[in-house]
Amino acid sequence: MKRLPDLRVPGALTLLLAAGGLAWHGQPSLEQKWEFMAPKLESRLQEREVYIDPAELLDLINDDYIHLVIYDVRSEPYWNEFRLVDSEHMLLNRLPAERERLRGLPDNAVIVLVSNDEKLATEGWKRLMVIGKPNAYILEGGLNHWLNIYGVSDEELDTHGRASLGKPDGTLRHRFKLALGDRHAASRPDEHLTPDREYTSRVRLLKKIEKAGGCG
Amino acid sequence: MSDDKDKPQYWNPYVGGVLLGILLFLSFFITSHGLGASGGVNRIAVSVQDLIVPEHVDKTPYIAKMAGGDRDPLNHWLVWEVAGIMLGGFVSGMLRGRVKLQTYRGPQISPRTRWAFALAGGFLMGYGARMARGCTSGQALSGGAVMSVGSWAFMFAVFAGGYGLAWFMRHLWQPEA
Amino acid sequence: MAPYDLVASLGVTGSYLVYLAIGFAFGFILESSGFGDSRRLAGQFYFTELAVVKVMFTAIVVAMILVFWSTALGLLDYNEIWVQPTYLWPGIVGGVIMGIGFILGGYCPGTSLVSVATLKIDGMFFLLGHIAGVVFFGETVGYITRFWHSGHMGFFTLPELLHVETGVVTVLVVCLALAMFLGFGWLRSAIYGKAE
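Residue numbers (this note's numbering), protein chains in the order written: chain S, 1 to 216; chain D, 1001 to 1177; chain Z, 2001 to 2196.
So here's chain S without its partners, still in its complex pose:
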């Protein structure tokens, strides 16, 4: 066998150096990961791939085969005033702590982020994508749009009229007499009473292709 030069010591030193360099450089922080992933994420957002119609969300809510998680990322006053039934109050800075839970979600899990308009929910979506890669979507038009469709009953309304979606400023532009939280009618619209609404379905169920990495 032709004698290779004895590279064992240089080899060992190289490995130690490479590992040491790694320890010094560190793994990317969430902000850095964001930068790396930004181009792909931005294009998905621009194509509106992940914005779902309120009617689609309502179907998800009524679908027993989907494990639905609704993250409501708004501040507490809005959360208290009106929210969807079974939504979870998730402030943006608490998202990183969800990492373990995200990893443990079943195959049929779908996450939807909601805010008053779209801005905050979109922010939350970006962060989720960096933390994990859940099957996550954003409510199109936010809760203002939702309420335009599923209506606020006259007794609840302080002022009349539909909320304008033209200048989304992140506020809840429907006014309620009482802050009932998730006990408003529109918190869980009755599927028999709501108007039929057509939409383009965006939710795809992740069929986790047998990701048995080793001999699983």
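It is worth saying that the hints were derived from the structure and are not from the lab.
Quick caveat: nothing in here was measured; it's all calculated off a predicted structure.
Glycine included, C-beta positions come from ideal geometry on N, C-alpha and C.
Certain hints may be false.
As a list, the in silico SDA-like pairs of lysine to any residue whose alpha-carbon atoms are at most 20 Å apart [what the hints assert, rightly or not]:
#: 1; chain 1: S; residue 1: K133; chain 2: Z; residue 2: F2155
#: 2; chain 1: S; residue 1: K40; chain 2: Z; residue 2: Y2078
#: 3; chain 1: D; residue 1: K1065; chain 2: Z; residue 2: I2131
#: 4; chain 1: S; residue 1: K133; chain 2: D; residue 2: F1029
#: 5; chain 1: D; residue 1: K1059; chain 2: Z; residue 2: Y2143
#: 6; chain 1: S; residue 1: K133; chain 2: Z; residue 2: A2072
#: 7; chain 1: D; residue 1: K1065; chain 2: Z; residue 2: Y2078
#: 8; chain 1: D; residue 1: K1065; chain 2: S; residue 2: S164
#: 9; chain 1: S; residue 1: K133; chain 2: S; residue 2: E123
#: 10; chain 1: D; residue 1: K1059; chain 2: Z; residue 2: T2145
#: 11; chain 1: S; residue 1: K40; chain 2: Z; residue 2: S2070
#: 12; chain 1: D; residue 1: K1065; chain 2: Z; residue 2: H2149
#: 13; chain 1: S; residue 1: K133; chain 2: Z; residue 2: L2073
#: 14; chain 1: D; residue 1: K1059; chain 2: Z; residue 2: V2141
#: 15; chain 1: S; residue 1: K133; chain 2: Z; residue 2: G2074
#: 16; chain 1: D; residue 1: K1065; chain 2: Z; residue 2: T2145
#: 17; chain 1: S; residue 1: K40; chain 2: Z; residue 2: A2072
Derived, one-sided and incomplete: chain D residues facing chain Z with beta-carbon distance under 8 Å [what the hints assert, rightly or not]:
#: 18; residue: F1025
#: 19; residue: R1071
#: 20; residue: A1160
Assemble the complex: chain S is given as a structure, and chains D and Z must be docked to it using the hints.
Same frame as chain S, but now just chains D and Z:
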């Protein structure tokens, strides 16, 4: 090590290790998972079972996941990787004249004895690999490289088991003391 | 950013060809390193051959460094790569069983494939036994299902266990590997009194 001319010219293990490490990295990079072997063998076994006793396969949950109903257990990347391993091993062997019908065994035992132990050892390996959800390629190498605690525990368990038994089975491999 | 969706870019057939190629390289390296030879493999446990520990640990360390440098530089997304979930007890028990199987059989599943590919009869018997063991497991796992799911810690990594960050763990693993190479070498000299 004694220097006999009949000794096969194998690669320096460090060289093999570096190449394997690069391959493992590429596997993660391109396919998102590491290497695997026993899972592929598992699926081949299951597909044979499916040919012979399909209703039984449908009713046993562990197997049904792979082959129940319409599912084709062979339609899976692990099977292709296994095929590749055999092909690669064959070509490498051919290039060096090592493809020969023979039985590798320790000098003290007969081929028959070796076959019996190979069968028994294989059985334990097959069972153990399913139990551990992987084998040395999948769990130890791949899981170890990405720092899975279970994989490292597994690796040390394998060494413990092997070294623990080695002395008692030395007649299988060692020359007369 | 890698990893890429193979099926999306190459189609199912294309992706299978990639796996075939990867398997090919794997088998080629294994056979070239002599891992189609049960005597060489079993020799690890008698300190007559140290190839197993050298190849394994070198491979793990090299792969680890490459993987985590890639994630550090944003070339690879750690969230997307498959990390084996930890099932502690079945992993350990299964590992011990496999260690025993290694001594008796002289192969592990991957190397037995290489052995069969080079027409070694002991490899063929091993593979037959392997298939039988696999079938036996499938038939009996129902009885031990609670055990088989015990010690489920999910995605549990060394940095999380040791409360130390990835890069430092890498350094530790490199040191461990180097220590093992040296240690096994000394043990071999001590037992057989020969220099390498």
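So, going through the hints one by one against the coordinates:
1. The suggested pairing of K133(S) with F2155(Z) holds, with an alpha-carbon distance near 15 Å, which does not exceed 20 Å.
2. Proximity of K40(S) to Y2078(Z) is assessed by CA-CA distance (about 16 Å); at most 20 Å being required, the pair is judged to hold.
3. For the hint linking K1065(D) to I2131(Z), the alpha-carbon distance of about 18 Å falls within 20 Å, and the restraint holds.
4. With a C-alpha separation of about 17 Å, the suggested pair K133(S) and F1029(D) falls inside the 20 Å cut-off, and the hint holds.
5. Restraint check for K1059(D) and Y2143(Z): satisfied, since their Cα atoms lie roughly 15 Å apart, inside the 20 Å limit.
6. Restraint check for K133(S) and A2072(Z): the C-alpha separation of about 18 Å stays at or below 20 Å, so the hint holds.
7. Annotation: proposed proximity of K1065(D) to Y2078(Z) is violated, straight-line Cα distance about 27 Å (limit 20 Å).
8. Between K1065(D) and S164(S) the CA atoms are separated by roughly 51 Å; this puts the pair beyond 20 Å, and the hint is violated.
9. About 15 Å separates the Cα atoms of K133(S) and E123(S), which keeps this hinted pair within 20 Å; it holds.
10. The suggested pairing of K1059(D) with T2145(Z) holds, with an alpha-carbon distance near 16 Å, which does not exceed 20 Å.
11. Only pairs whose Cα atoms come within 20 Å are accepted, and K40(S) paired with S2070(Z) is accepted, the gap being roughly 18 Å.
12. About 16 Å separates the Cα atoms of K1065(D) and H2149(Z), which keeps this hinted pair within 20 Å; it holds.
13. Distance hint between K133(S) and L2073(Z) is fulfilled; the C-alpha atoms sit about 19 Å from each other, no more than 20 Å.
14. For a cut-off of 20 Å, the pair hint linking K1059(D) to V2141(Z) stands: about 13 Å separates their Cα positions.
15. With a C-alpha separation of about 16 Å, the suggested pair K133(S) and G2074(Z) falls inside the 20 Å cut-off, and the hint holds.
16. A threshold of 20 Å between alpha carbons decides the hint, and for K1065(D) with T2145(Z) the separation of about 15 Å falls inside it, so the pair holds.
17. Simply put, K40(S) and A2072(Z) have alpha-carbon atoms about 18 Å apart, close enough for the 20 Å limit, and the pair holds.
18. The interface hint given for F1025(D) holds, since its Cβ lies 4 Å from the closest Cβ of chain Z, which is under the 8 Å cut-off.
19. Taken as an interface hint, R1071(D) does not check out: its beta carbon lies about 14 Å from the nearest beta carbon of chain Z, beyond 8 Å.
20. Hint status for A1160(D) relative to chain Z: holds, with the closest Cβ pair at about 6 Å, below 8 Å.
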